[in-house]
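Visitor: Modelling step: build the complete structure from the supplied sequences, incorporating the hints.
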Amino acid sequence: MIIYFYIKWFLLRLAEPWHFFSFRVIHKQPGRCRQQSITVIAFLCLWLLVFFNANAQSAPNPLPAAGLASPTSLRVQYLVDSTDGLTIEQVSSPQARWQTSEDPTLILGFTPHPVWCRFTLQQAADTSRDFALEITNYYVDSLTLYQPDSLKGWSVQHSGDMIPFARRTPATRFPAFYVTVSGTRPQTFYARILASQHHSYRWQIWNQAPFMTHRLPDIERYISFALLLMLALFPLGGLLFMYRFVVLRAYSLLGLAVAASAVVGTGLSNVIFPNSPYWAHTSHYVGVAIVMPVLAYYIVRVCKLPRYMPRVVVLYQFFGGIGLLYAGLSFFVRHPYITWAIVAALCIMHISIVLTLLALYRRRIQPAFWYIISIILTSPIYAYFYGRNAGFFIGLISEETLKYPLLFSTLATPLIWVGILWEATRDRIRTAENLSLEQSRRENIQALDKLKTDFFTNVSHELRTPLTLILGPLGSVLKRQRTDGEDTRLIETAQRSARQLLKLVNEILDLSKLEAGKVAVSLRPVRLVEVARLAVANFESQAQLRNIALELNYEVEELLVLALDVKKIRHVLENLLSNAIKATPAGGTITLGVQVSPDKLLLRVSDTGRGIHPDDLPHVFDRFFQTNQPDAAVEGGTGIGLALCQEYARAMQGRLWVESQWGQGTTFFLELPLLVAPAGTEASASDPEEDMAYVPRVPAEPPVSTSGETVLVVEDNPSLRNYLLTVLQPRFKVWLAEDGQAALDLLAQATTLPSLIISDVMMPRMDGFQLLDHLKGSDAYRLIPVIMLTARADRADKLRALRIGVDDYLLKPFDEDELLARITSLLLNQKERQKHVLTEADTPTHSEEVPAPTASAEDMAWLLKLEAATLAQLGNADLTAEWLADDMAVSRRTLFREIKRLTGLTPTQYITTARFRHARQLLENREVTSIKQLASVVGFRQIKHFSISYKNQFGKSPSDYL
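Numbering (this note's numbering), first residue to last: 1 to 962.
The hints are simulated quantities; they were obtained by calculation from the structure and are not laboratory data.
For every residue, glycine included, the Cβ atom is placed at its ideal position computed from N, Cα and C.
There could be a bad hint or two in this list.
Unchecked claim - List time: in silico DSBU-like cross-link candidates among lysine-lysine, alpha-carbon distance up to 35 Å: (1) 900 x 956; (2) 798 x 600; (3) 582 x 798; (4) 600 x 831; (5) 932 x 900; (6) 733 x 798; (7) 567 x 582; (8) 776 x 798; (9) 831 x 900; (10) 503 x 798.
Claimed, not checked - Between beta-carbon pairs, the in silico distance windows are: (11) 368 x 62: 55 to 61 Å; (12) 869 x 441: 17 to 23 Å; (13) 236 x 598: 40 to 46 Å; (14) 733 x 441: 31 to 37 Å; (15) 226 x 166: 18 to 24 Å; (16) 533 x 442: 23 to 29 Å; (17) 230 x 422: 16 to 22 Å.
Guide: Below, the structure is given as structure tokens:
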């Protein structure tokens, strides 16, 4: 526009020369004359500069007479078409401003505009020869060559990626043309180049014959393709056979992505898609873009960024997302600015990789050499290559020079792959060795812990027998004691101590059950403040005796918590309060606080005692831990209470912890999830099961007279044998045997059979299970009722005895009245069976001894079927004899007759007995958590009636189990 303005202005002034050179104007208006003179001189200088520059041609490229057997670079001039609309006439006019490149390789950086090139060829001989022009850039979208033609003005040829490979002449990966140069007169060629990626290329000229010999077969193409395919087998094998190695998997993905990118990025995409420029272009863009996410994944894995630099992971996730986004856009959009963005991101990513490695080494974190050697070989090269093409900095290294390090990094792929495999294998072996060592240590610790727990569990089982011998006689003496004398108080003290010991034994057993996950949590609405008040009340007298202030602090009086286990909460609070009283001196204070937050419940027990020594504080919840501090003002304990409390807290989805200052006091915190009950919800502060199961205590009914019945006691402990003899002898004849083998010998020698057998489980020579199996497998002994009396409370032991056919299973220590009630019930049922199993001719009179009846195999099978049908419907409160008759496919009369004949019971009595027996099994196995649940399972609607009936049947209330 400036040139056009000055030309117009100069022509107007030439039309009026008298104004231009008028003396009057110069004389009268000297300032304006000087301004016009300066303008004219400046215009002339500018016009001369433009004229000489526009006509300045590049030096001709001489073509030797001998020909060009190999490619020779050409010196070119270039012009960037910022208007995107210049024609050949405009760029070939003298006004076009061309620039000269000092380097044969023209590197313009990224530009979205077309670039025009011109070069001049001149022969030394006056002949006509054929040449091949070639541009060394695979990524040229469109290339148009203009050659002067005396007839047509311009001879035009087209090449580039937008022309199908199959239609190119010549068909080579690099855009090329055949041209003919005649005479010695210089000939200037023009070329319009459009490249959406980057403008970096060099013009070369060949003689046509050697060009066709070397370029058209394209041996380099096949070699490159075969080499890349062969190298791709390594990462492919890594993915197929060694996918578990994380680093090798990441490098294999990177190797495949780089190989695919190299195939489509070195011009082979046109060979793969010879008739589709769209897919040739798209595959190339996708191949370049896919390198970014796999490279980011590789860097994150080999450098372990999630562990050492977690914030940097987001950066590489961003780079990977850009690559995937560009890969998707490549199918629909090909805008030069999008291409520039991906090239810039790829360059920045490579620079970030180098910075990441430097940051890791600065932190003294050194990834394995083979993990980063590929990055060291390729990242600087690619960063330079893409940064130069994007125009970030001037390129100083030629394409030919870059080719060699790139080739070396590619050929090093197998070596790097093997090195990574070796490094990964070594790391895996080290990890396996460390894990094995750690596992061995953990197993040793667990084995020692289990050995310790099993030891105390076994000791606890053994303690049940002496506790039985202690509590049983003490209870018998207290029943006969009529006065409240000194002896009575001493016996009551001994009884309380024995019960405390039994509580400790039960804690040890509960701890082992918690380990096995066999202790259920019974959650129900609870009036929490009342629970805390009752826990404090239990220790008020003890605190008063020691002159300790015991306080209860709470924020909400009527706090109804919807889901808490009352028993476990009370156990934890009582344990913490008991420890606090032991640790607090006279004049101290103990506070139980209840705090409520929107979603948490916090119970706090604090004292003003001496506190816990800092060395002991981390171990207070360890099992069986004992302090070693000689001056610790804490009474010694078993180390079980706090460990059990912590397990209870975990079972209730809470946590228990302690804070203590040596010499200032201790505070225990119990945090539990809070779910507040809605208004109107009924809750209890005491044990709900005990409330529902409570019935007035009635005097024990005297046992039914069974004088003359014989009971065989099989027990290896002499003291317990004597105690059982003392309990049973007033009512029964008692036979004694020290183990199972002695019992069988006694039965074999006896002329009559005992009416009932009481057997221990753990005995020498032959244990209780072996004895039971022998009895139930013998036609002579299988109908004799058997009661297992044992300290083995495990569910597996009970189920094993029940499967063999035990009639009752009673745990030590047992209640004397309960044992007598169970014996009486079994003997009465046995007598009823005998009356209906024996025929009238064989029916014995009421003699002292009754031979044991036998039943056929068919009868036993029928009874088993009846038992299975009954157990399946026990939860149905409306279960009747009619239903059983239909299920057994017999009439009601037949059902009544067969049950009466085989069991001595009516169908209704049989159903009721089955309900109670199943209820006892559920209670002893701790499979229910409330009386209400138990009654529902066995088909009782009225809970109080069920509790009273159960106690009358077995001499023990269901709440005693819970």
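Visitor: Work down the list of hints and note, for each, if the structure agrees.
Guide: For each hint, the structure was consulted:
1. 900 x 956: holds (28 Å)
2. 798 x 600: violated (40 Å)
3. 582 x 798: violated (39 Å)
4. 600 x 831: The hint is violated at about 60 Å.
5. 932 x 900: Distance ~32 Å between residue 932 and residue 900 Cα, so the pair holds.
6. 733 x 798: With Cα atoms ~28 Å apart, residue 733 and residue 798 stay inside 35 Å; holds.
7. 567 x 582: holds (22 Å)
8. 776 x 798: This hinted pair holds, its Cα atoms lying about 16 Å apart.
9. 831 x 900: holds (12 Å)
10. 503 x 798: Holds: residue 503 and residue 798 sit about 22 Å apart, inside 35 Å.
11. 368 x 62: 55 to 61 Å: Holds: the Cβ-Cβ distance is about 56 Å, inside 55 to 61 Å.
12. 869 x 441: 17 to 23 Å: Check failed, 54 Å falls outside 17 to 23 Å.
13. 236 x 598: 40 to 46 Å: Taking Cβ atoms as reference, residue 236 and residue 598 lie about 56 Å apart, which means the hint is violated.
14. 733 x 441: 31 to 37 Å: violated (60 Å)
15. 226 x 166: 18 to 24 Å: holds (22 Å)
16. 533 x 442: 23 to 29 Å: violated (44 Å)
17. 230 x 422: 16 to 22 Å: holds (21 Å)
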